[in-house]
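**Student:** Those protein sequences? They're chains A and B, same order as listed. At position 449 of the first sequence (counting the first as 1) the number is 449 in our numbering, and the numbers step up by one without a gap. At position 186 of the second sequence (counting the first as 1) the number is 186 in our numbering, and the numbers step up by one without a gap.
Calculated from the structure, these hints are not laboratory results. Just so it is clear, CB atoms sit at the ideal spot from N, CA and C, and this is done for glycine as well. All the given hints hold, so there is nothing to weed out.
Capping the alpha-carbon separation at 27 angstroms, the derived lysine-lysine pairs in DSS-like fashion look like this:
1. B:Lys-146 with B:Lys-447
2. B:Lys-319 with A:Lys-60
3. A:Lys-123 with B:Lys-333
4. B:Lys-80 with A:Lys-35
5. A:Lys-329 with B:Lys-251
6. B:Lys-205 with B:Lys-80
One side only, chain A facing chain B, incomplete, derived with CB under 8 angstroms:
7. Glu-91
8. Val-109
9. Ser-120
Label-pair restraints from in silico Cβ distances:
10. A:Lys-333 with B:Asp-62: 19 to 25 angstroms
11. B:Asn-322 with A:Glu-405: 43 to 49 angstroms
12. B:Ala-375 with A:Ser-76: 54 to 60 angstroms
13. B:Asn-322 with A:Glu-202: 47 to 53 angstroms
14. A:Lys-329 with B:Leu-246: 17 to 23 angstroms
15. B:Ile-309 with A:Ser-326: 45 to 51 angstroms
16. B:Ile-335 with A:Glu-101: 51 to 57 angstroms
17. A:Arg-313 with B:Asp-277: 56 to 62 angstroms
18. A:Lys-333 with B:Thr-437: 54 to 60 angstroms
There are 2 protein chains.
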Amino acid sequence: MISDKKFLTKKSEDLSKWYNEIIEKAGLVDQSPVKGCMVIMPYGYAIWESIQRTLDEWFKADGVQNAYFPLFIPYSLLQKEKKHVEGFSPELALVTIGGGETLHEPLVVRPTSETIMYQSFAKWISSYKDLPLKINQWCNVVRWEKRTYPFLRTTEFLWQEGHTVHANEKETMEMVMRAINWYKDIFEKKMGISVYVGEKSESEKFAGAKRTFSVELVIPNGKALQGATSHNLGQNFAKSLDIHFLDNENKQILPFQTSWGLSTRAIGGLILSHGDDNGLVVAPNIAPIQVVIIGIVSKNEADMKDVTIHIKRVEEILKKSNIRYSIDKHLDKSIGYRLSETEIKGIPLRIEIGPAEVDKNAVIISRRDTFKKEAVSLNKLSTFIEESLDSMQKILLRQSKEQKEDLTINVNTFQEFEGVMKNRRSFIRAYWCESATCESKIKELTKATTRVCELEEMDKNDNGFCIYCKNKARRKWLFAQAY
Amino acid sequence: MISDKKFLTKKSEDLSKWYNEIIEKAGLVDQSPVKGCMVIMPYGYAIWESIQRTLDEWFKADGVQNAYFPLFIPYSLLQKEKKHVEGFSPELALVTIGGGETLHEPLVVRPTSETIMYQSFAKWISSYKDLPLKINQWCNVVRWEKRTYPFLRTTEFLWQEGHTVHANEKETMEMVMRAINWYKDIFEKKMGISVYVGEKSESEKFAGAKRTFSVELVIPNGKALQGATSHNLGQNFAKSLDIHFLDNENKQILPFQTSWGLSTRAIGGLILSHGDDNGLVVAPNIAPIQVVIIGIVSKNEADMKDVTIHIKRVEEILKKSNIRYSIDKHLDKSIGYRLSETEIKGIPLRIEIGPAEVDKNAVIISRRDTFKKEAVSLNKLSTFIEESLDSMQKILLRQSKEQKEDLTINVNTFQEFEGVMKNRRSFIRAYWCESATCESKIKELTKATTRVCELEEMDKNDNGFCIYCKNKARRKWLFAQAY
Numbered sequence: 001m002i003s004d005k006k007f008l009t010k011k012s013e014d015l016s017k018w019y020n021e022i023i024e025k026a027g028l029v030d031q032s033p034v035k036g037c038m039v040i041m042p043y044g045y046a047i048w049e050s051i052q053r054t055l056d057e058w059f060k061a062d063g064v065q066n067a068y069f070p071l072f073i074p075y076s077l078l079q080k081e082k083k084h085v086e087g088f089s090p091e092l093a094l095v096t097i098g099g100g101e102t103l104h105e106p107l108v109v110r111p112t113s114e115t116i117m118y119q120s121f122a123k124w125i126s127s128y129k130d131l132p133l134k135i136n137q138w139c140n141v142v143r144w145e146k147r148t149y150p151f152l153r154t155t156e157f158l159w160q161e162g163h164t165v166h167a168n169e170k171e172t173m174e175m176v177m178r179a180i181n182w183y184k185d186i187f188e189k190k191m192g193i194s195v196y197v198g199e200k201s202e203s204e205k206f207a208g209a210k211r212t213f214s215v216e217l218v219i220p221n222g223k224a225l226q227g228a229t230s231h232n233l234g235q236n237f238a239k240s241l242d243i244h245f246l247d248n249e250n251k252q253i254l255p256f257q258t259s260w261g262l263s264t265r266a267i268g269g270l271i272l273s274h275g276d277d278n279g280l281v282v283a284p285n286i287a288p289i290q291v292v293i294i295g296i297v298s299k300n301e302a303d304m305k306d307v308t309i310h311i312k313r314v315e316e317i318l319k320k321s322n323i324r325y326s327i328d329k330h331l332d333k334s335i336g337y338r339l340s341e342t343e344i345k346g347i348p349l350r351i352e353i354g355p356a357e358v359d360k361n362a363v364i365i366s367r368r369d370t371f372k373k374e375a376v377s378l379n380k381l382s383t384f385i386e387e388s389l390d391s392m393q394k395i396l397l398r399q400s401k402e403q404k405e406d407l408t409i410n411v412n413t414f415q416e417f418e419g420v421m422k423n424r425r426s427f428i429r430a431y432w433c434e435s436a437t438c439e440s441k442i443k444e445l446t447k448a449t450t451r452v453c454e455l456e457e458m459d460k461n462d463n464g465f466c467i468y469c470k471n472k473a474r475r476k477w478l479f480a481q482a483y
Numbered sequence: 001m002i003s004d005k006k007f008l009t010k011k012s013e014d015l016s017k018w019y020n021e022i023i024e025k026a027g028l029v030d031q032s033p034v035k036g037c038m039v040i041m042p043y044g045y046a047i048w049e050s051i052q053r054t055l056d057e058w059f060k061a062d063g064v065q066n067a068y069f070p071l072f073i074p075y076s077l078l079q080k081e082k083k084h085v086e087g088f089s090p091e092l093a094l095v096t097i098g099g100g101e102t103l104h105e106p107l108v109v110r111p112t113s114e115t116i117m118y119q120s121f122a123k124w125i126s127s128y129k130d131l132p133l134k135i136n137q138w139c140n141v142v143r144w145e146k147r148t149y150p151f152l153r154t155t156e157f158l159w160q161e162g163h164t165v166h167a168n169e170k171e172t173m174e175m176v177m178r179a180i181n182w183y184k185d186i187f188e189k190k191m192g193i194s195v196y197v198g199e200k201s202e203s204e205k206f207a208g209a210k211r212t213f214s215v216e217l218v219i220p221n222g223k224a225l226q227g228a229t230s231h232n233l234g235q236n237f238a239k240s241l242d243i244h245f246l247d248n249e250n251k252q253i254l255p256f257q258t259s260w261g262l263s264t265r266a267i268g269g270l271i272l273s274h275g276d277d278n279g280l281v282v283a284p285n286i287a288p289i290q291v292v293i294i295g296i297v298s299k300n301e302a303d304m305k306d307v308t309i310h311i312k313r314v315e316e317i318l319k320k321s322n323i324r325y326s327i328d329k330h331l332d333k334s335i336g337y338r339l340s341e342t343e344i345k346g347i348p349l350r351i352e353i354g355p356a357e358v359d360k361n362a363v364i365i366s367r368r369d370t371f372k373k374e375a376v377s378l379n380k381l382s383t384f385i386e387e388s389l390d391s392m393q394k395i396l397l398r399q400s401k402e403q404k405e406d407l408t409i410n411v412n413t414f415q416e417f418e419g420v421m422k423n424r425r426s427f428i429r430a431y432w433c434e435s436a437t438c439e440s441k442i443k444e445l446t447k448a449t450t451r452v453c454e455l456e457e458m459d460k461n462d463n464g465f466c467i468y469c470k471n472k473a474r475r476k477w478l479f480a481q482a483y
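Please model the complete structure; the sequences and the hints are all you need to start from.
**Tutor:** Okay, here's the thing in structure tokens:
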């Protein structure tokens with residue numbers, strides 16, 4: 001499936017060309033005949049499964065239950081929340097014909113499931129004893145996009161959407177923050193990507209939400225990638241979709257709601273963050289394959305048999321230590337091709353086994369991040385691998401944090417702001433008065449949009465001055481050009 | 001979420017009314033505002049997850065890789081296989097508007113993914129070294145149905161679809177049979193449902209397939225439910241979608257293909273097969289919750305505390321034995337309500353713990369299938385539970401097998417055939433000449449369609465006579481009225 005051509009493009013030279021090459025060469029994505037829709041190939045999908053497994057476990061431990069709601073939403077139902085339908089209207093795919101007949105009312109292919117879920121929630125909830133209700137769904141959604149990039153912005157994508165209902169505001173905000181922290185953790189602890197966490201501005205928040213929080217990735221080209229979002233929906237949807245509960249004094253109350261989602265876009269973030277000129281680098285904690293074993297082919301039959309037996313021994317050790325491994329089967333291909341394949345796919349550790357290793361009861365291990373090669377005897381293998389994976393995970397996160405900080409510039413004048421966006425392009429931290437006028441002016445002049453007000457800044461009340469209008473500003477915001 | 005009203009309908013009296021009541025009362029399904037689409041509620045979805053986990057593990061152990069292909073298929077691509085598009089045309093949902101604009105070509109919401117997958121396969125396969133290719137996808141599909149029933153026949157449903165490509169016919173048939181045996185196993189070994197396995201007739205096979213195999217469930221009302229199918233696609237799709245490979249002599253060859261699928265319909269089969277007048281009965285091997293713990297509420301605070309501590313002890317034992325359990329939290333509800341809830345949901349074992357059980361360092365366990373209640377001391381708990389689950393699993397399968405055989409009648413004359421279908425309604429085993437004319441005549445007169453030619457019958461060459469036209473017939477077939 002994979003071409004053995006060398007990379008043509010260096011990551012540092014042309015990130016977007018490198019990206020398009022690597023997603024194909026690493027076997028992550030195939031083009032589809034449907035504009036803006038992608039085929040997620042087995043290796044790409046295995047990364048998604050790894051993300052799914054992790055999040056699903058965290059959700060369930062918190063009492064979130066999975067369920068499944070229809071793909072189609074009647075147009076009239078979507079309209080029930082005014083701002084929600086306004087926000088999504090330009091991106092809708094509509095089914096107008098079913099079973100050969102024109103439908104009386106078009107069906108929207110879900111762009112998100114608030115309305116269809118909440119009309120069920122309204123039936124499920126009657127008393128405070130039914131709360132909190134915590135539901136999650138793993139599914140596909142469709143948003144008609146004009147410009148698309150694999151993983152980063154696609155017409156159809158896969159995601160999870162969590163939706164909860166609470167009796168009071170305090171619990172609601174706790175849920176919003178718990179969700180955004182799960183997302184911070186999956187990026188930082190699992191994918192090794194350091195992120196910014198904060199609140200979105202009025203104009204950037206989710207259509208229909210009261211407040212939106214997001215995690216923002218700093219891409220090596222200085223652009224921002226919104227990694228995942230968590231919304232405090234307040235009572236907006238409860239009002240429009242008629243969700244009520246009786247409190248312990250038998251009074252009818254409007255509940256409070258949250259929704260939060262992470263999509264296959266996260267895989268795009270993973271690719272852009274860690275890859276290098278040799279291909280992808282997948283952080284060990286999320287890698288579907290942590291170790292690949294390459295048996296060196298020999299023409300001597302006895303040698304070949306020994307190598308095969310030695311591989312079996314190594315397998316046993318990996319199995320016992322619960323290490324996710326695979327054995328390279330491309331015995332017909334050149335060793336150069338086989339080695340470069342494992343590099344392109346970004347597998348953290350590579351074990352090579354030839355007759356020499358059999359003799360020494362050892363293996364050769366090389367690390368994807370440092371390319372350091374070492375001979376390790378079998379009795380030390382398990383510890384060595386665990387330590388290497390652990391070390392690589394830590395180094396990736398540290399590098400990512402350094403890069404993030406390196407690509408974030410504090411500026412005090414708009415001239416500086418414009419200079420940064422024109423020359424180096426990066427994240428900018430600056431005071432902003434929080435008026436929509438300044439926000440849109442800044443975007444118009446520099447392409448930079450507000451990303452978030454970082455959590456640490458949120459409660460501040462500084463005596464700052466807006467980077468654009470110079471009026472009073474109490475908090476600093478992060479700005480960047482968005483993907 | 002669940003009503004505490006008693007069941008109104010007995011399973012033996014009105015199966016379809018009982019079914020509609022139980023799917024609601026057990027919290028499996030909620031109605032949706034979209035005709036023919038269902039909301040799969042958390043308990044229903046947990047059963048699906050249990051089926052998924054099992055199959056996914058079997059598939060992966062066989063080297064099948066998961067991937068994801070677009071939801072939308074251009075209409076022209078679907079048309080590439082003539083019989084395929086003919087078969088699916090009447091059931092298509094079409095997206096004609098995207099992002100506010102009318103599309104040049106309507107997009108079909110996938111009813112199945114052969115065409116969209118195989119146009120990728122054509123790119124992925126070039127040499128015999130790329131074969132076999134084994135891909136599976138977990139997704140939603142849409143077929144516009146006129147009459148729908150939750151789980152059994154819905155416009156949108158969830159399923160897995162496996163698609164493989166092979167270099168020769170032998171390997172292809174082996175794959176077809178391996179898949180159909182996975183389905184037999186998930187029904188028999190996991191869900192405790194005895195099934196018939198065999199080949200479909202020409203008229204009943206999948207649109208575009210060369211041969212179709214299926215597992216057929218015998219529902220207590222004598223109707224047939226097709227549980228899952230496995231298709232030998234021959235070279236039909238390879239021809240229409242231009243898949244070729246070079247063999248080891250560098251000759252260009254058309255490969256052979258299979259596809260196979262199991263859907264959320266299986267949950268409908270589970271409900272219909274095992275339930276009773278008190279609710280659902282879920283076989284232990286597939287049950288998302290195998291044991292539910294009910295703490296008896298006491299007004300005495302010290303007693304209540306003891307019960308809580310005792311529950312923790314029991315939990316520890318269940319955790320260690322890897323038993324899937326949950327603790328009933330409806331402490332505010334009457335004990336009658338709480339017990340009947342666990343029965344409606346069909347949880348295999350129920351543990352009750354009150355002050356008396358604390359004193360005896362024991363628990364009360366009752367079985368969902370036999371309603372037998374027993375006191376079991378904590379030191380024997382783990383063994384007792386494992387044996388009970390095992391015994392219940394075996395009994396359910398045995399009962400299912402007995403029922404299946406009881407509801408299968410061998411007939412020798414068409415008069416008998418008509419009598420059975422008119423009076424008792426059941427599966428019928430009879431000789432058939434395998435002509436489409438007789439098949440459609442039989443359906444017209446009795447509503448019975450050919451279900452399968454059982455595997456054991458397939459190679460026979462008897463001197464039988466067709467039940468309808470009395471011409472020569474070499475094999476017996478199973479007939480029944482289908483769901």
